[in-house]
Each structure stands twice: as structure tokens, then as C-alpha cells.
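*Asks:* What follows is each chain in one-letter form.
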Amino acid sequence: MSRYVARRLAFLVITLLLTSLIVFVVTQWLPGDVARVILGREASEPALAALRAELGLDKPLPLQYLSWLGRFLTGDWGTSYSTGLPVRDLVLERAGNSTMLAGLTLLIAVPLSVFLGVVAGLKADKPLDATISIGSLAVVGLPEFVTGLILIEVLALRLHLFPANSSIRPGTGFFEALPQLVLPALTATFVLLAYVTRLTRAGVVEEMRQGYVRTATLKGLPRRTVVGRHVLRNALLPTITVLAISFGWLIGGLIVIENVFNYPGLGRLMTFAIDRRDLPLMQAITLLTVLVFALANLGADLLYAALNPRIRLE
Amino acid sequence: MASFSNVLEIDGLTVSYRRGQKSLDAVRNVSFSIAAGQSYGLVGESGSGKSTLALAIMQYLPENGLVTGGTIRLGGQDLAALPREQMQQVWRDQIKLVPQDPGASLNPSLRIGDQLDEALCDGNEARDELRQRSLEQLRQVRIADPERVAASYPHQLSGGMQQRVLIAMALARQPSLLILDEPTTNLDVTTEAVILDLVRDLVHGQRTAILYVSHNLGVVASICDRVAVLYAGELVEDLTPQQLRRRPLHPYTLGLLDSVPRLGQRAGVDPLLPIAGTIARLDALPAGCVFAPRCPIAQQLCRDLRPELEETPEGGLVRCHRWREIAAGMVDARADRPAAVASQNGVSGAASALRTEALVKHFPVRRTLAEALRRTPARQVHAVDGVSLQIGQQRTLGLVGESGSGKTTAARCIVGLVERTGGQVTLFDIALAPGLDRRDAAVLRRLQMVFQNPEEALNPHRTVGDVLQRPLMRLMGLSAGEARQQAGELLEAVRLSSAYLDRTPGQLSGGEKQRVAIARAFASNPDVLILDESVSALDVSVQASILNLLTELQAEQGSAYLFISHDLAAVSYLADDIAVMYLGQVVETGSAEQMLHPPFHPYSEALLSAVPRIDAAGPERIRLPGDLPSAIDLPSGCRFHTRCPRLLGDICRTQEPPWQETAPGHRYRCHIAPDELTAMQVSSGEQNGWPRREMGEASR
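Taken in sequence, the protein lines are chains Y and R. If you read the first sequence in our numbering, its first letter stands for residue 1, the second for the next number, and so on. If you read the second sequence in our numbering, its first letter stands for residue 1001, the second for the next number, and so on.
These aren't lab readings, by the way, just hints derived from the structure by calculation. From a predicted model like this one, the values you see are computed outputs, not experimental measurements. Some clues are possibly wrong.
Residues from chain R that face chain Y, not an exhaustive set, calculated with beta carbons under 8 Å [to be verified]:
(1) Pro1099
(2) Asp1101
(3) Leu1106
(4) Pro1108
(5) Glu1118
Which bits of chain Y does chain R cover? Going by a derived footprint, with three or more residues having C-beta under 8 Å, they are [what the hints assert, rightly or not]:
(6) 205-212
(7) 218-228
(8) 302-310
Glycine included, C-beta positions come from ideal geometry on N, C-alpha and C.
Let's have the full structure, built from the sequences with the hints guiding it.
*Replies:* What follows is the structure, encoded as C-alpha cells:
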């Protein structure tokens, strides 16, 4: 087991190195001259050259990559071109915000979608199943900005339950931010809901057909014991994996939702960095997102193995 | 029997399945009863309704199934009328089911101990006490190390061990009725024998009533006090095992008996008599006797009027208009003998069609990183470990062994689906490359294979015509038109009409699919055909007709067969020569005749002894303890020593046994010399009822 984790972590390092290389090369290829972006159209050639020298942009590419990588690994993620602030502080602040949003989303989405999925699975092909399936599909069919705007319209503007704007100040804690987190978290929940519900439903339907369910039933166990003790631990395996992986998406992929609600997460920082062609910022966000995705994947696999005795990790 | 009270009483039971608008009666008007301590066998082929009947008694029918007539009484209580909560009590305390598939019937994510505790639990005993009782229960089903088994997950146990756990679970609360639904069908013969012994012993002298459901007449006859034969949802005969052995009366029962090869029965001498046709469909039942369309002695009356179940003077029940004539010996209700096939095809000692020399297949076991760093040598699964086989032209070599013996891997190496690690494979005088991709079309044409499961071997989206035309065009170079015509002829050869050309596998029965698979293999007119468990999954009557078909095709086409099976009776029926494999090695080879008489390798002896038989059932049987050892860490010395009933001592544990030759062509690998082995085995053979050596046969 520990061997397996060690090997997976080694793979993870290689993945990150490759990603860093890709990120570096791609940002080099982006059109436009960084020095001119920073100094503006009117800057003189000597000033541009001086800045390039300062930023190390005049050195050969492999050297630039290595020195960038070295600095990155030692915690110096550089200075944001557009704001002049240290990239590390900016990114970690936003990553904290993203984690809060991801956390609340999972807190809402997991019980809800698993519950709906189990109910639909147990009542497969009955009216209740159809209602749940059609309902969750209808919700997922709407783009995030539409569900987001509907939630703002109904829950914020009409019912005044939650604020419409989620632009929390830096350093706000989870409970303090909670009211402002609810609407974006609900929107993200709707994205996950149909998928997770259907996956859970499929798992329950599949497992209910297995011979061991018959064995358990014919032991004379009440139905809730058969489902709770026997079926769920097998039926929820794929769901748990998918949820763990979706954590990566919740951290780094909520670009639309964060923009709709004006929420200062990583996704919005990324759009900001792209707008300003802020290379150090883009590089840091991308690497961090890849890291979170990879760790979420690893976590999903470990969780799956821990819950499924048939899998032996070697 | 009258002094016993009946535990189970089934009266006029009809069970129906809703299918769309229609309601199909899968079980019709079945009545029987089982007394305390009695065991009742229910025999039938697929479609007979035996599983439906068992599930109806359990009140565990699928959602579209319903008891539409009659009563099921357990201890006087009508189960069909019970609400679910009360049925839960019945499930918990009174009726238990041991299912066919032990692997799927245990929860893969829960430890055995927890699953067993659950079956024992009354709701308020202490955990420790409960676990102690669970361990005791495991000991009862002769599990030697109950602590280890209780701490295991199901996948860590062998099939036989899983089935013991399920039996332990079923017997935990001393149920009044135990239903065993094909409990040994998926197990090896050696394991099956052990499990059957266990069931026999556990219920002996108990008050538990047993319903044993099986397709295997031999198994049922050896375990039950009474046997009922079910056909297309109706009970056609009900009799004692003695009557079954001596004189069954219903033509279907006779047909079943004649479809199963007895140990020692040979295709060339005494062909099987398969039942013609296929089982009646539930939506098109005949007006008269349900068996009339397949019955060799059906008359007009049989086709017009459904017969009643009548009592025979011997106390049996039979549903046939002509049973009195059959009982009096006035008609022969057995099927017509198939046209005698010119029996001995190839001659022994003639040039071989296929030869393997020291065939080896090792699968590497992945090393862990630490092992690789420490330079620990990589470990291997020794699937096939030096197997030399020889099949004479137009002859059949039977290859026998338990699952895990390496017989299928050997076959796959021969056809090239798996690349061998070492050794030679020679087809006539062509040395074959290890991999299929480096063999040319001529080799593919001459060497073909039929797989075990026709359901998986045929592409469900291709018509039978496509399946047959492909090898004809690719390997025989025929044009599309010629190929189609030839495909029609192939179908005729496997006794299907050319109307099947445009059907897809989904429209065929299991037996028809296997015929198509055989026709496909014969399309290229191969010199050697490998049949890997090709009849094992089929109903006995279908199996019989396929076995006969293979014999006929061999006579017509002159192909040599490698016939792989765990079923010794089927192998000895078809094969000229037999090789027995154990843990990747051949332990005995000889002619089929030689292999059935002492001396044999102790492993072959155990295999023979494990075959369930309708005739002679002696208690003094040889049983193999434990499971097949790991093919990674092979036992030292003789590979069989860990389970050998004839173990000599240290020599077996330390030294590889030599080949002992008893007669030309017959060799076995053992430390015991032929004379001694014969002496041991002849004395125990009298109790075991080895096939008697008949006059003249020995010298043949």
C-alpha cells in the first residue's frame, strides 16, 4: 500500500514536471511581447531591453525554464506583471477561497445526489425514479450562468435569503462567508447533481441484481438492513470515485460560476491573468490546478481501494 | 413415510411470468410433499421450471413472476398468503437456500465472519458469543481454520470454500427446509464430491427436509430419497433412486439417462441416444402430452390428450399414456440408435497430426519496487510446465484436469492465442510459431478451435451466414456466392437448416449456437480441432447430440480432436487417448481404455472416483483434501503430494517422481510402482465400482 502511494507520488511529480514544461512553452508562444505589455506601447527600445534583461527574457529558453522551475520550487513564484504583487500570496489567497466554495458544494451535493440516486435506484422504472431522473437532467441541461442567474433572481432579489454578490474580502473565514457561498455552491451542485444521481442510481440498480442481495434478503433481514449494510457499500464505489475527482474541478474549474457571482476564487483569478497576459500568474494557477487534480485522482483511487477489498494496490 | 409429518406440501402449484400482455405458465399444476428428514430431488433441463419452482417455494420470484394457482404449505402454513414481514421470519428461521453461484452470493465487501454472524444473530447476543457460534458453524462444514476464513473476504476463498460458507449459513438456524439449487454445478468434480459428502453427512439423521434441484441425475440419485423429473413445467415422473436406476417409466427420464455418458461408455461402441428436438416453448405448448413432439413412441392419443399423473404399482408417479406398455416391456421407449459410426478412425501409432514437446507457459508475476531493487528473482505462474502431447491423425485426445490445471492455457498456446514461453508445437511436420500473428493462413486453416461458451464466442451483431462465410472466404479463398452456398452445407452438416443463415445468435438456443460455432470451426476443413469445454455448458440432451455430431463429423472429415473437459465421462466417451493434467504437468497418459482401469495415477483415481454416477454409489470414495496449490509456489517433489491419498512419505515431498510405464502407450508419473499401485487400487476399486473390464475389451 505505502509502496503504491510512493509510486503514485513519483508519477505525480513527473506529471507536474511535464505540465510545467508545457505551461512554460505555451506561455512563451503566446503572441505579444511581455515587456511591451508591461511598459506600454510608447516605451523606448532601451527601456524594453532593460526590462527583458531584468525579467531574464533575453536568455535562451531552456535556461529560462530551469531558472523559473528552480525559483518556483523554492517558493518564489515571481511577481504578477499586472498587479506587481507576489504571485504566491495572490494564488494561495484565492485557492483558500476556492476550497471553501468546493467544500460547501460537496456538503450540499453529496448527501442530496446520493439520496436521490439511491431512491431512484430502489424504485427503478417506477414514477418516482422517472421524476428524479427527468428533474435532475432538466437541471443539468441548463448552463451554469442560467441556473446561477435564476438563483440570484429568486433567492436573492425576490426572497432576499442570500446576497446576490459573493465578492468576499480577503481573509474572510468560512462561517463569516457562508451566506455569500450558498448561491455559487448551489449552482455548482446543480452541475454535479444529475451526473452523480444517475451514477448512484445505476450502481444501486446493478447491485440490487446481485446474488448477495438475495442471500441477505433470504437471511430474513429487513429491507433497510439489506440496502444499508449490503447494497450501498458496493453501489456507492463509483460515486465516491467521481466525487473525489470532481473536487479538482470545483477548485480550478468554476470559471463561469465565480464570474457570475463575482466570487474571488482561482477561476476568476485565471480569467484575470489571461486578460492581462500575466504569465507568472497563469503559470502558477495552472500548476496548482494540475496538482489539485492529480491529488484528487490519487485520493479517489486510495479511497476506492480502501472501500473495496477486492482491489489490492501494489 | 406416513409416520413422518410433511414439512413441505406443494399442491397444484402453477407459477406464471407476465411477459408483455401474455402470461406464461412456467410451472403447471405441480404437487409433491417432503417429510422431515427426507431429501427430494428435482431434475430437469433448462426450461423445465425447476428453478422457478424453487424460487416460488422461497417466495422470491422475480417481479414479473406470480403464483397463480395451488398452495405451498410449510408446516401447514400457506406461504403464498403470508405478508412480507412474516415471510421474513420464515426466511430467517425455516427455509434456507444454497444457491448455484457461491461467488456471487456472498457480499464482496464484507468479511465472511460478519456475513455469517448476521445469519446467526437473534438481535441481542454479545458479539463475542455470536462470533464463537459462527466459528463453530464453520467447523461443522469441516473448515479447518475457521478464524482465518472468518477474517477473509469472499474473493480470497476458493469456490468450494465459498460454498461451504453458504452451507454453514444455511444450516445455522437448523431450518425445517433446505433448498439446494444446483449447489455444485460450477465446481470441479473433486470439489463437488467433497461438498456432496458434506451435505449428505450434515443432514443425515436431522429433521431438516431437503429439496435438491439439479440437472444432474447422477448427483440427485446419489443424494436423494425420491427423485422428481420436471419437463417444460410439468412433473412427468416421481420415483425412488432405485427405480431410477432399475426401471424408469417415462420416455423423457429414459431419454435423459441415455443422454449422459456413463463412465466407460465409448462413442464407437455404445453411442449416446440424444432426445430429438428441443424443449417446448411456453407460449406454444402442445395440446396433448408436452413431451409428445420429442417422444420416440408418441401416438395420436399422446398428441391429442394431456396425460394425467398416475400411480405405479411400485409407488411412483408417471405422466404418460403408455407407461403400462413400457413397464411390461411391450414397447421400447428409448430413442432410435443413431446410425453406427465407423468407430475406430485413426490407428494408434500412426503419424501424429499435432505434437507438443515440453510446452511451457509461464506468466510473470509483477515484482514490487522493493523486490526489484533487492534483485529478488521475478516469480512466475507455472500455468503449463513441460507438457508433451501427441494426437494421432483422425484420433481424439482427451485432456482432463481440474480448473487451474493448465489445460486451457495449453490449448491457447497450441492455437497461438497465448504465446508459449518454451517448447515446440508441430502440426504434421510444420513447426508452429508461438504467436498467431506469425502463423500463415494455411496453418490457421488446418488448426481451429471451438470455445467453451458459444454465447461469448459468436458476435451478436453478425448473422450465422456472416460467421460461417468469413473463414470460407479468408482461409479457403471462396467467392462470396460460393461461401454462402458452402455455409448452407456446413449448417446441414451440423444438423441445422440453411434457414439459419440469416439469423443472429440472439435468435438461437444455446445448443444451436454451439452447433454454429462447430460449423465455423469446420468451415476451413481443419486437420486438427481443439474443443475447449465445448459441451460443458449445454443441457445433457443437447450435449449428447453434440458429442454424437462430433463423432460423425470426425468420421466424415477425418479431423483430429483435442477434447478438453473436466468431465471424465464425456472425455472417455469421445477420446481414443487421454492425458490427465495437474498443476501444469501431464501426470498420466494412455489409451482411454487403459485410463479407466488400475493402475492409475492417484490423481486420476481421485478424479474417477469423484464422478457422480447413477449406478453404483459406494461410500468408500477417494476425496482430495484442500484446494489446488498455488501455481506460483509449486509444491516440492511430486506436485500432487500435498493432496495425494496414496502418499508414500518423504520421497514424494522431496523427489520428482519418475514416469512409470505399465503397457505400451500408458505412462504415469508417480513413485509407486505399477504392481503396488494396482494392488492398492483394485482392492479399493471394488467398493468404488470402477467400470468393469468387459471380456474382449481389454485386448482391443
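*Asks:* Are the hints correct? Go through all of them and say.
*Replies:* These are the hints, each one checked on the structure:
1. Checking Pro1099(R) against chain Y: minimum C-beta separation of about 6 Å stays under 8 Å; hint holds.
2. Taken as an interface hint, Asp1101(R) checks out: its beta carbon lies about 6 Å from the nearest beta carbon of chain Y, inside 8 Å.
3. For Leu1106(R), the interface hint holds, the least distance from its beta-carbon to any beta-carbon of chain Y being 6 Å, beneath 8 Å.
4. A cut of 8 Å between beta carbons decides the hint on Pro1108(R): the least distance to chain Y is about 6 Å, and the hint holds.
5. Contact between Glu1118(R) and chain Y, as hinted, is supported at the beta carbon level, the nearest pair being about 6 Å apart and thus within 8 Å.
6. With a threshold of 8 Å between beta carbons, the proposed coverage of the stretch 205-212 of chain Y by chain R holds, since 3 of its residues qualify and at least three are required.
7. For the stretch 218-228 of chain Y, the stated coverage by chain R holds: 5 residues have a C-beta nearer than 8 Å to a C-beta of that chain, and at least 3 were required.
8. Beta-carbon proximity to chain R at under 8 Å applies to 4 residues in the stretch 302-310 of chain Y; the threshold of 3 is reached and the given coverage holds.
Checked against the numbered hints given earlier, this structure breaks none of them.
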